Amino acid sequence: WGQNLELLYDRVLRYPERVRNLYFTFLFVLRAVTK
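Everything in the sequence shown is counted per my numbering, starting at 47 for the first residue and increasing by one.
Keep in mind the hints are simulated off the structure, nothing from the lab.
Be a bit skeptical, because a hint or two may be false.
[Stated by the list, open to error] For each label pair, taking beta carbons as the anchor points, the in silico distance ranges come out as:
hint, residue 1, residue 2, range
1, Gln49, Val75, 14 to 24 Å
2, Asp56, Thr80, 28 to 38 Å
3, Thr71, Gln49, 15 to 25 Å
4, Leu51, Lys81, 18 to 28 Å
5, Tyr55, Lys81, 26 to 36 Å
6, Tyr69, Gln49, 17 to 27 Å
7, Phe72, Leu51, 12 to 22 Å
8, Glu52, Thr80, 14 to 24 Å
9, Phe74, Leu54, 19 to 29 Å
10, Tyr69, Gly48, 21 to 31 Å
11, Glu52, Lys81, 36 to 46 Å
It should be emphasised that the depicted structure is a prediction, and the values quoted were computed from it without experimental measurement.
For glycine and all other residues, C-beta sits at the position ideal for the given N, C-alpha and C.
Kindly generate the complete structure, drawing on both the sequences and the hints.
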């Protein structure tokens with residue numbers, strides 16, 4: 047197991063809406079964990 051930056055770019059970073067979805071999901075989970 048290791049980093050695969052090409053795959054990350056091709057599947058996520060190329061699409062801004064996917065980055066926003068990851069950010070939203072992270073915030074949602076973080077708020078749930080802190081409660």
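Each hint tested on the structure:
Look at glutamine 49 against valine 75: about 22 Å separates their beta carbons, and that is inside 14 to 24 Å. At about 33 Å, the CB distance of aspartate 56 to threonine 80 agrees with the hint of 28 to 38 Å. Checking the proposed 15 to 25 Å range against threonine 71 and glutamine 49 shows it holds: the Cβ atoms sit about 21 Å from each other. For the hinted restraint 18 to 28 Å between leucine 51 and lysine 81, the CB-CB distance of approximately 34 Å leaves it violated.
For the pair tyrosine 55 and lysine 81, the supplied restraint of 26 to 36 Å holds, since their beta-carbon distance comes to about 34 Å. In this structure the supplied range 17 to 27 Å holds for tyrosine 69 paired with glutamine 49, their Cβ-Cβ distance being about 20 Å. Between phenylalanine 72 and leucine 51 the beta carbons are some 19 Å apart, a value that agrees with the proposed interval 12 to 22 Å. The given range of 14 to 24 Å is broken by glutamate 52 and threonine 80, whose C-beta atoms sit roughly 34 Å from each other.
Against the hinted window of 19 to 29 Å, the Cβ-Cβ separation of phenylalanine 74 and leucine 54 comes to about 21 Å, which satisfies the hint. About 24 Å separates the C-beta atoms of tyrosine 69 and glycine 48, a value consistent with the hinted range of 21 to 31 Å. Our hint of 36 to 46 Å for glutamate 52 and lysine 81 holds, since their Cβ atoms are close to 37 Å apart.
Of the numbered hints listed earlier, those contradicted by the structure are 4, 8.
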